[in-house]
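Student: Chain by chain, the residues run as shown.
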Amino acid sequence: MHEFLAQLINGISLGGIYALIALGYTMVYGIIGLINFAHGDVYTLGSFFALTILTALGVSGELHGVALVVDVAIALIGAALLCGIAGVLIERLAYRRLRNAPRLAPLITAIGVSFILENVMQIWKGPSPVPFPAVVPNPSVMIAGVAVGAQQMLVVGLAVVMMVALQLFIHNTRLGRAMRATAQDRDAAQLMGININKTIMLTFLIGSALAGVAGFVSGVYYQSTWFFNGFGAGLKAFTAAVLGGIGNIGGAMLGGFLIGIIESFATWKFGGQWSNVTVFAILILVLVFRPSGLLGEAVFDRA
Amino acid sequence: MRISAAVAIIALSACSGANNASTAKNTTTTTTTAVTAAPSPAPAGRVVKIGIDLPLSGGDASVGISTEQGALLAIAQMQKSVPRGYTLQGEALDDSVQGVHNPEQGVSNVRSFISDSAVLAVVGPYNSNVARAEIPVTNAAGMAQIGPSVVADNLTIGPDAQQLRRANPSLNTFFRVCTTDSRQGSALAQFARSLGFKHAYIIDDNETYGLDLADRFEKDFTADGGTVLARDHLAKNTQDFKSLLLKVLAAKPDIVFFGGVTSTGGGLIRKQMFSVGLGKTAYMGGDGLADLATVAAAQADGSYYTLAAPDATRLPSAQAFVKAYRAKYNSDIGPYSANAYAAAQVAADAIIRAIGKSGAVPSRAAVVARVASTKLDTPIGPISFDKYGDVTNPVLSLYGFKNGQPYFIRQIQLKL
Chain A
1 MHEFLAQLIN GISLGGIYAL IALGYTMVYG IIGLINFAHG DVYTLGSFFA
51 LTILTALGVS GELHGVALVV DVAIALIGAA LLCGIAGVLI ERLAYRRLRN
101 APRLAPLITA IGVSFILENV MQIWKGPSPV PFPAVVPNPS VMIAGVAVGA
151 QQMLVVGLAV VMMVALQLFI HNTRLGRAMR ATAQDRDAAQ LMGININKTI
201 MLTFLIGSAL AGVAGFVSGV YYQSTWFFNG FGAGLKAFTA AVLGGIGNIG
251 GAMLGGFLIG IIESFATWKF GGQWSNVTVF AILILVLVFR PSGLLGEAVF
301 DRA
Chain B
1 MRISAAVAII ALSACSGANN ASTAKNTTTT TTTAVTAAPS PAPAGRVVKI
51 GIDLPLSGGD ASVGISTEQG ALLAIAQMQK SVPRGYTLQG EALDDSVQGV
101 HNPEQGVSNV RSFISDSAVL AVVGPYNSNV ARAEIPVTNA AGMAQIGPSV
151 VADNLTIGPD AQQLRRANPS LNTFFRVCTT DSRQGSALAQ FARSLGFKHA
201 YIIDDNETYG LDLADRFEKD FTADGGTVLA RDHLAKNTQD FKSLLLKVLA
251 AKPDIVFFGG VTSTGGGLIR KQMFSVGLGK TAYMGGDGLA DLATVAAAQA
301 DGSYYTLAAP DATRLPSAQA FVKAYRAKYN SDIGPYSANA YAAAQVAADA
351 IIRAIGKSGA VPSRAAVVAR VASTKLDTPI GPISFDKYGD VTNPVLSLYG
401 FKNGQPYFIR QIQLKL
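Taken in order, these protein sequences are the chains called A and B.
The first sequence begins at 1 in my numbering and counts up by one.
The second sequence begins at 1 in my numbering and counts up by one.
Everything labelled a hint here was simulated from the structure, so no lab data went into it.
Each hint should be verified, as a subset may be incorrect.
[What the hints assert, rightly or not] Under the rule of at most 27 Å between Cα atoms (straight-line distance), these lysine-lysine pairs were calculated in the DSSO-like manner:
| no. | chain 1 | residue 1 | chain 2 | residue 2 |
| --- | --- | --- | --- | --- |
| 1 | B | Lys328 | B | Lys80 |
| 2 | B | Lys198 | B | Lys280 |
| 3 | A | Lys125 | B | Lys402 |
| 4 | A | Lys125 | B | Lys357 |
| 5 | B | Lys219 | B | Lys280 |
| 6 | A | Lys125 | B | Lys328 |
| 7 | B | Lys219 | B | Lys236 |
| 8 | B | Lys402 | B | Lys280 |
| 9 | B | Lys80 | B | Lys357 |
| 10 | A | Lys269 | B | Lys357 |
| 11 | B | Lys198 | B | Lys357 |
| 12 | B | Lys198 | B | Lys252 |
| 13 | B | Lys252 | B | Lys402 |
| 14 | B | Lys252 | A | Lys269 |
| 15 | B | Lys387 | B | Lys375 |
| 16 | B | Lys80 | A | Lys269 |
| 17 | B | Lys402 | B | Lys357 |
| 18 | B | Lys280 | B | Lys252 |
| 19 | B | Lys328 | B | Lys357 |
| 20 | B | Lys280 | B | Lys80 |
| 21 | B | Lys375 | B | Lys323 |
| 22 | B | Lys280 | A | Lys269 |
| 23 | B | Lys323 | A | Lys269 |
| 24 | B | Lys323 | B | Lys80 |
[Unchecked claim] On the chain B side, residues computed to face chain A include the following (Cβ under 7 Å):
| no. | residue |
| --- | --- |
| 25 | Ala235 |
| 26 | Thr238 |
| 27 | Gln405 |
| 28 | Ile409 |
[As the list claims (entries may be wrong)] Beyond 10 Å from chain B on every Cβ pair, some chain A residues (computed):
| no. | residue |
| --- | --- |
| 29 | Ala6 |
| 30 | Leu14 |
| 31 | Ala67 |
| 32 | Val69 |
| 33 | Ala73 |
| 34 | Arg99 |
| 35 | Val120 |
| 36 | Trp124 |
| 37 | Ser128 |
| 38 | Val164 |
| 39 | Gln184 |
| 40 | Ala233 |
Ideal Cβ placement from N, Cα and C applies to all residues, glycine included.
Given these sequences and hints, build the entire structure.
Tutor: Written as structure tokens, this is what we have:
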């Protein structure tokens, strides 16, 4: 029982990171039907930005009190903002001209952007994993005999807050309504006077900023980052988005947490080498019986 | 939506496929660095080359580059012994794809060496799984290949090694100047027992090197009275080992043994041991953990590793090499720089002896025969090979970490 809980909590924390990345995949897919393969690398970019900001602030170890709140806020918001800008630039430079091209063209472009980002990051911070300062202290609370660390709560808390904020934004603001309209029918939305380019830019801004948040959080949680992390994490997060129902925000969240938990339990019960096999086997099973994912609705067919 | 999901899956596989192809191309065109070892800018007379295949980018670059530099230094220094009218060159190719050593890329590098008639021997690769892919190719071409650091047992001995030599079963073209995994595993098991460790949890990265090392450690540790609590293998492409480590924590080992290298998880495992409460448990592995501190920094303390080589900085025979390396590259030698120097020295020496008095460009077969009969003093001691291509006097060194820095513990000369 004790180990079950420990694994569950570990899985939820891991899932929180996947969920944050999955939100970006699902938003971009929802609005322009593009699987943005560069998104996983934007996540790594987030941890690199956060690391650079923390280094510039002179932070190299644990922080406390006011310094903790201020420096973490600067690093978090800074990483989110810079990733948001990176996302907008990627959309502007690599995807916008291909918006009406055959679907494979932007997909391949996305893979290309992913390589460019990976290689730029490799030149930037070097080929080896880079240590990330343990900024956030990690006191733990005992829940049913299992220690839950502050860092784990931070990961899960941020993921949930971000998702709730995103839902509120999409359903309660004019810009959110514009995004939903664009997702439903781009041409009709344009005829109704919605600025499509701005709306899509906004989607990339928010999605990439969330990846930036995930990047910061992963740095804090693992105290390490690597230019190549985004490849594995992006693949899992993309799987999470598909599992939950791609295009559906609640689905991305659910998928993220599920994949984290499955991965954790599979490692525990079947051994580490079976964790990916289990995750993808479950994905296939779900898609066979629910092709649109757990929460996906077959409202319209994009392809 | 049904179709979208299908597109997604296709995209997924397209991604990994495109992935390899494009970087592979990229690495060969951009990182091919032919280094002229001759003092004069224009190579004079006939050029003979030693191909060098190592991981020079990505996670392995931290050790790959210092290994390459060792080999290039040997080639530069051997230049003066090359017969008149000849220029000796080293040509290095990178076998990393997307940051990780890649067997297919290694094979493609070796093929390009084979197609260049000036290349008479190959030094490399760094990783055993790359060597497994390359040996059949060099064997079929009759090209001498000398590994500085590849330590998997089945590259030289046993039915697996015979299988690698299937094209030319009677000809052994592969040699190595390091010792083997099983010898490292044995040394580590003995050492762990001598430190009083009883209960080991073994993790490996499911690659040739890691599996061999962990197998041997498991066998010898048990034979020596220790208990192996459990054995686990890692998944690729993940940065989260906490679920695995929670399992390790529940088993209560006094030592965690890792078969693998820092870049396949060895570094992150050590770091994450601290976050699940295993920070005080000892951690041990083979030469793959030599660069552990680049990832784990001070958390590397309490870890141990071996090098399948003597410690060059401590050997009287290596002092000239250590000094020359520092003078040329303005940095200290890497874990396998001295081995790579020795490997390139063996290759160059064989080529020089094959040219001999006749002065004609030797055949690759002649070079292979000269490598097999090597008797050479190198920075890591005198080198000669047995009929399988293994060194006849294996020496290993044990290291620990203090304040994030490796320190030498002792040297072991294994009896054969």
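Student: Next, verify each hint and record whether it holds.
Tutor: Structure-based check of each hint:
A threshold of 27 Å between alpha carbons decides the hint, and for Lys328(B) with Lys80(B) the separation of about 17 Å falls inside it, so the pair holds. Using a Cα cut-off of 27 Å, the hinted pair Lys198(B) and Lys280(B) holds, with the two alpha carbons roughly 15 Å apart. As the CA atoms of Lys125(A) and Lys402(B) are separated by approximately 25 Å, the hinted pair is consistent with the 27 Å bound. A C-alpha spacing of about 51 Å is found between Lys125(A) and Lys357(B), which places the hinted pair above 27 Å, so the restraint is violated.
Between Lys219(B) and Lys280(B), the direct Cα distance comes to roughly 25 Å. Compliance with the 27 Å bound is thereby established for this hinted pair. About 25 Å separates the Cα atoms of Lys125(A) and Lys328(B), which keeps this hinted pair within 27 Å; it holds. Under the criterion of a C-alpha separation no larger than 27 Å, the hint pairing Lys219(B) with Lys236(B) is consistent with the structure, at around 25 Å. About 14 Å separates the Cα atoms of Lys402(B) and Lys280(B), which keeps this hinted pair within 27 Å; it holds.
Between Lys80(B) and Lys357(B) the alpha-carbon distance is near 16 Å, which keeps this suggested pair within the 27 Å criterion. Proximity of Lys269(A) to Lys357(B) is assessed by CA-CA distance (about 67 Å); at most 27 Å being required, the pair is judged violated. Taking the CA atoms of Lys198(B) and Lys357(B), the gap is near 60 Å; set against the 27 Å cutoff, the hint is violated. Restraint check: the Cα-Cα separation between Lys198(B) and Lys252(B) comes to about 11 Å, which is no more than 27 Å; the hinted pair holds.
A threshold of 27 Å between alpha carbons decides the hint, and for Lys252(B) with Lys402(B) the separation of about 24 Å falls inside it, so the pair holds. Taken as a hint, the Lys252(B) and Lys269(A) pair is honoured in the structure, with Cα atoms around 17 Å apart against an allowance of 27 Å. Between Lys387(B) and Lys375(B) the alpha-carbon distance is near 14 Å, which keeps this suggested pair within the 27 Å criterion. At roughly 61 Å between alpha-carbon atoms, Lys80(B) and Lys269(A) are farther apart than 27 Å, so this suggested pair is violated.
Our distance criterion of 27 Å between C-alpha atoms is broken by Lys402(B) and Lys357(B), whose separation comes to about 53 Å. Annotation: proposed proximity of Lys280(B) to Lys252(B) holds, straight-line Cα distance about 12 Å (limit 27 Å). For a cut-off of 27 Å, the pair hint linking Lys328(B) to Lys357(B) is broken: about 32 Å separates their Cα positions. With a C-alpha separation of about 53 Å, the suggested pair Lys280(B) and Lys80(B) falls outside the 27 Å cut-off, and the hint is violated.
In summary, the hint linking Lys375(B) to Lys323(B) is supported, as the alpha carbons are separated by about 24 Å, within the 27 Å threshold. Only pairs whose Cα atoms come within 27 Å are accepted, and Lys280(B) paired with Lys269(A) is accepted, the gap being roughly 25 Å. For the hint pairing Lys323(B) with Lys269(A), the CA-to-CA distance comes to about 52 Å; that exceeds 27 Å, so the pair is violated. For the suggested pair Lys323(B) and Lys80(B), the alpha carbons sit about 19 Å apart, so the restraint of at most 27 Å is met.
Taken as an interface hint, Ala235(B) checks out: its beta carbon lies about 5 Å from the nearest beta carbon of chain A, inside 7 Å. Given the 7 Å rule on beta carbons, the hint for Thr238(B) holds: about 6 Å separates it from the nearest Cβ of chain A. Interface hint status for Gln405(B): violated, as the beta-carbon distance to the closest one in chain A is roughly 15 Å, over 7 Å. Hint on Ile409(B) is violated. Least Cβ distance to chain A is approximately 25 Å, over the 7 Å limit.
The non-interface label for Ala6(A) is inconsistent with chain B: the shortest C-beta to C-beta separation is roughly 5 Å, within 10 Å. The beta carbon of Leu14(A) is not kept farther than 10 Å from every beta carbon of chain B, the shortest such distance being approximately 5 Å. Non-interface status of Ala67(A) relative to chain B is upheld: no Cβ of that chain comes within 10 Å, the nearest being about 22 Å off. Against the 10 Å criterion, Val69(A) stays outside the reach of chain B, whose nearest CB is about 22 Å from its own CB.
Here Ala73(A) stays apart from chain B, with its beta-carbon at least about 23 Å from theirs, past the 10 Å limit. Every CB of chain B is more than 10 Å from the CB of Arg99(A) (nearest about 17 Å), matching its label as outside the interface. The claim that Val120(A) is not at the interface with chain B holds, since no C-beta of that chain comes within 10 Å of its own (minimum 13 Å). For Trp124(A), the shortest C-beta to C-beta distance to chain B comes to about 13 Å, beyond the 10 Å cut-off, and the non-interface label holds.
The beta carbon of Ser128(A) sits about 5 Å from the closest Cβ of chain B, which is not more than 10 Å, so the claim that it is off the interface is violated. Listed as outside the interface, Val164(A) is consistent with that label: its C-beta sits roughly 25 Å from the nearest C-beta of chain B, beyond the 10 Å cut-off. Every C-beta of chain B lies more than 10 Å from that of Gln184(A), the closest at about 14 Å, which supports listing it as non-interface. At roughly 7 Å from the closest C-beta of chain B, the C-beta of Ala233(A) falls inside 10 Å, breaking its exclusion from the interface.
In summary, the structure is inconsistent with hints 4, 10, 11, 16, 17, 19, 20, 23, 27, 28, 29, 30, 37 and 40 from the numbered list given earlier, while agreeing with the others.
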